[in-house]
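Enquirer: Chain by chain, the residues:
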Amino acid sequence: MSPTELSFVIFVKLVMLSIVPYVLAGQGTMLGGRTGLFNVAQEGIMLVGASVGFLGGYLTGNIWIGIALAIAVGGLAGLGLAYFTTSLKMNQFVIGLAIFFFCVGLASLLYKVVIGVTLVPPLIPTLKEVPVPGLSRIPILGEIFFAQNWLVYFTILLSAALYWFLYRTRLGLELRSVGENPKAADSLGVNTTRMRYVTAIIGGMLMALAGAYLPMVYTGTYTADMVKGRGWLAIALTFFGGWSPHLIFFGALFFAGIEVLAFRVQVGGGGIPYQFLLMLPYLATLLVMMFAFRRARVPAFLGQNYDREKRTLA
Amino acid sequence: MTETTVAEMRGMCKVFDGHPALDHVHFQLNAGEIHGLLGGNGAGKTTLMNILYGLYRADAGEIILRGQKVDIRSPKDAIRQDIGMVHQHFLQIESFTVAENVVLGTPIANPLRLDLKAAAMQIAALGEKFGLGIDPTARIETLSMGARQRVEILKALYRGAQILILDEPTTNLTPQEVEALFGIVQAMVRAGMSVVFITHKLREVLAVCDRITVLRDGKNVLTLRRDEASEEAFVRAMVGEELDVKHSIIFAGRTTIGTPRMPDQAPVLQVEGVSVSEAGVPVVKNCSFSVQAGEIFGIAGVAGNGQLPLAEAVMGIRPATQGRVLVFGQDVTALGTAGLLARGVAYVPEDRLRDGFLPGANVAQNLILGSHRDAPYARNGFLDWKTIFRVSRDLIAQYRIRTAGPTETGGNLSGGNIQRVLIARAFARPARLLVAHNPTRGLDIPSTEFVYSKLLERRARGEATLLISEDLDELLLLSDRIGVIYKGEMVGVLERDAFDRQALGRMMSGVRI
Amino acid sequence: MSHLRMFERPAQPPFAIGLIRKILPYLLAIIASFAAAGIFIVAMGFDVLHAYATILGTSFRTPNGFVQTLLKFVPLLLQALAFTVPLAAGKFNIGGEGQMLVGAIGATAVGIGLKDLPAPVLLPLVLLMGVGFGAFWGLIPGWLLYRYQVNEILSTVLLNFVSFQLLNFIATEVWADSAAGHPTTVPIAAAGQLPMLIHNPPLNSGIILAVLVAAVIYLFTSRTVGGYELIATGANPRAAQVFGIDGRRLSLLALVLGGALAGLSGSIEVAGNQHRLIEGLQSNYLLLGIIIGLIAKGNNLAVPFVAFFIAVLEVGASAMQRTLMIPGEMVFIVEALVLLFVLLSDVIRRR
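Chains as they are written, first to last, in my numbering: chain C, 3 to 316; chain H, 26 to 538; chain S, 525 to 875.
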């Protein structure tokens, strides 16, 4: 491979590596949203996922235990969201912000309790590349797609599976109906409450997994500012993707691409103050939102609670 | 034929927000009958049937189906008991196809597959059997209101419903479509089904029902065979003592609105060639009409034929893409809503919850909406709360709004009381032009009567009213002229002495005169 | 997201009547959350009574503790208002942090760039520049919402991250104080600094400004036509529009006003407290501002009281961390629980 080819392959490979948190958090947001439950606590759930995942990995020496713990905590956050909004009919945004707040506090608290303040940050092992036998030998594509870590594979498969599930199965049809018109779904015997609970919990799990990925893929360390807005960007991504799993996956390429690009230009120098490169992902997102938002197709009951006996929908 | 009871409800009680909606109501449905459930708005008809369908849980009472006491906790239970319900506001997912809407929620052999072909064939067969004529692959949002209602009926039939509840099924239909619906219902009964027909229109129950139960204020009044009682008995049962039937507007003939219209009166509102587009699609096309002083001009049409965009274009809420609107001869097309309100135009929007009410604000704040910039409520940009509360208390008393007081949160009010707030707001200040869209929707009979009398008082005072209504009876009763709107176009205008239900019905389905 | 139903808005003026009924749920919520958080603290093996005595007592035991609390109170109050003013119109401003930092940048720029101006000119200029810059930072999401219907939650929050980099750039490249070990600018001119109310312990006059602003905001939202229109828009934007209220324009203005309030907190921080721009200036003010606004249920009369309570907790938490080695983040949990219980008390009352 020529040097330009090589650097291109590395770039795309890094992009594939970096889409994971965006896609996972985006799909988690989408799942809840498709039943009308709009989670806005991504940033917090990701941070607590990162913290718990890191600490679990650090204490047991096995990052998969850390991942499992993070998923459990994320599921609890989703459960909390579902309970307060679906069962107690409280405002989804208010509860989402409260959970965001709670998770940010919890993440730092747990880290301080377990690790305390150290001069040298403790390390955990990072996720290893697991080349797919045979496929990883394909020139260029093999290196990009088939020599990645487990979670990259999981992310790709999950997105495909969600697409199939939502549009090609009866259960998927029922799930979508809850976000479009919960009363209609309810009147036909679809259990809207259970649907919202399940998607909120799975959504929270995916967000926490997205967070746990962060300390495990790049540096092996945890810092309180490591999510860097990816949770919020994931919401933007979900809107761009029109709340569809396949479009969320492809949209994530843009987010990850900007992130990798900003990082690489920063390393390569080039005269622009690095601070302005680091603004790039946020500015680019704002720019795209200007054009994408008006056209975005959104579940009709997104952000609204459903109360069967409430005669006035307000 | 011996009569067997298929469903019975005993001692049903239900309380909403402290207000009893049902008070020990009894209801009994025979096999193979069409049973009319009659009463004004707020009488408890829909609440009772929502309990049978599992949407509401009763506070007390028991349900007996085919001789067995049953517990219906959710629509799922009701469906399992072969009960189907067609709701007044269609419960459909507009972005889904007919087939997707129909199969939704039915027991699934394999939840991880989506095979709609077999379902589509079954739906088509059912449609043929009962003369419903629906394409299973069509998207709901592309269908007319009549077709959407037939989809609702299909949903129940597909689930094998033996007991079918129809909640105000004629609301969105033309007179001709109503007749077709009655035909479908009779075919279903011949096929062995039992039907509950909820309505507030006496004429309709008399036309098709075998037996009639009348509810009033959440209580049983009577249950009689159709041929056992006179029309007047049913009217008395619906209305009770509160209303003097002899002098009422609702139950009077239609010659009572007062002196005939004077065609040479100056126009108060002129709509000239107005067109409105929604996302690039024209929804109002080249509409022209005028409303004179001392006139009630009615606009008839099946819901969703451009009434809302037309009303909003007149009120300056959305821009007209073409044409102009004049009030007292002045072009107000670009004036904006605030300007119109300030010039003494009042508005009662169609959808009270979406367009007319602030659920999180209190009753007083709701009563001043739209007048909040003007004296006596505001001075120099500051609100005068003392005056606002005084006026609010007056309005609450005068319009009989059931509320704890001006500071009660609006969202606690029932639908009918919210409508009274909207009416009180529109009538609180003298308005030379009133644009009222379905002003009596959700009101009980005495309140409807009250609104009618207010509208006729306006007429007598020489004030102009544009009355847009989907209730043809209301328009026939009150209007000097009726214009019919179909797919955004004015199909024609009839003078009062040329009013004819059948002719209007044909116009409502697009036939020009 | 149009039909947001926020909180049950309390009835308008008759205020004195239900005061106890209004405060009681708050007290119960505080007690419940302290009890719940106490379980955590015990589980971690700390002395819970001592911890709570520190959290609640630090502000009132020494003059220094009290002044510390007041210094925290000012930015918290303004941040909370930056959240509640747009909230009245149903808009979530999650960008108070960025608006504060950009405001602080504006204040610093004037304080350093025009250092030769006399105090009567420079000080108002420093303050106004902060307000103006903050307002501009609120104008961006406001305009994106007005013109392109971009969700304000996302645009405000993303601009925070932009402002972090902007501040870092200013503090390391433009007016860097090379002697500091942390991105920091050189100090602003003494003429641009807020006068002191007390010198020992040092308390600047920013608090007077903040309380005054809070009073004006309260009057605006409860007594004026503009405030009514803001609340109507928040309660039901469609209905407000149908009755002649331009909710889109109001939302834009509300976000600009929110930005201006946050910007003011930035300029007070620079002109009164730090006298320079320091990275990390915002500490956790955004999150705390939001939680104050939510605990107060958007009621601008309650905001100052809640803000003071949270300031007490925050000052107590640092003391607890110093003296008892209990992580200060513990108080985050307490605050989140208070919010939760306050919201729950609404649910209970509704039943």
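None of these hints come from the bench; they were simulated from the model.
As the structure is a prediction and not an experimental result, all values here were calculated from the model.
Possibly wrong hints are sitting among the right ones.
[What the hints assert, rightly or not] SDA-like cross-link-like pairs, simulated, lysine to any residue; straight-line CA separation at most 20 Å: (1) C:Lys230 with S:Asn808; (2) C:Lys185 with H:Asp102; (3) C:Lys230 with C:Gly259; (4) C:Lys312 with H:Leu139; (5) C:Lys312 with H:Thr428; (6) C:Lys91 with S:Pro549; (7) H:Lys271 with H:Glu257; (8) C:Lys91 with H:Phe41; (9) C:Lys312 with H:Glu257; (10) C:Lys114 with S:Val572; (11) H:Lys101 with C:Gly174; (12) H:Lys226 with H:Lys244.
[Claimed, not checked] Only some residues are given here: those of chain C computed to face chain H with a beta carbon under 10 Å: (13) Glu7; (14) Glu131; (15) Arg172; (16) Leu173; (17) Lys185; (18) Asn193; (19) Gly273.
[Said to hold, decoys possible] Derived, one-sided and incomplete: chain H residues facing chain S with beta-carbon distance under 10 Å: (20) Gly385; (21) Pro401; (22) Ser439.
Glycine included, C-beta positions come from ideal geometry on N, C-alpha and C.
Enquirer: Each hint: holds or not?
Expert: Quick rundown of the hints versus the structure:
no.: 1; hint: C:Lys230 with S:Asn808; in the structure: 15 Å, holds
no.: 2; hint: C:Lys185 with H:Asp102; in the structure: 16 Å, holds
no.: 3; hint: C:Lys230 with C:Gly259; in the structure: 16 Å, holds
no.: 4; hint: C:Lys312 with H:Leu139; in the structure: 32 Å, violated
no.: 5; hint: C:Lys312 with H:Thr428; in the structure: 18 Å, holds
no.: 6; hint: C:Lys91 with S:Pro549; in the structure: 19 Å, holds
no.: 7; hint: H:Lys271 with H:Glu257; in the structure: 11 Å, holds
no.: 8; hint: C:Lys91 with H:Phe41; in the structure: 17 Å, holds
no.: 9; hint: C:Lys312 with H:Glu257; in the structure: 35 Å, violated
no.: 10; hint: C:Lys114 with S:Val572; in the structure: 18 Å, holds
no.: 11; hint: H:Lys101 with C:Gly174; in the structure: 18 Å, holds
no.: 12; hint: H:Lys226 with H:Lys244; in the structure: 18 Å, holds
no.: 13; hint: Glu7; in the structure: 42 Å, violated
no.: 14; hint: Glu131; in the structure: 32 Å, violated
no.: 15; hint: Arg172; in the structure: 5 Å, holds
no.: 16; hint: Leu173; in the structure: 4 Å, holds
no.: 17; hint: Lys185; in the structure: 5 Å, holds
no.: 18; hint: Asn193; in the structure: 8 Å, holds
no.: 19; hint: Gly273; in the structure: 46 Å, violated
no.: 20; hint: Gly385; in the structure: 4 Å, holds
no.: 21; hint: Pro401; in the structure: 13 Å, violated
no.: 22; hint: Ser439; in the structure: 16 Å, violated
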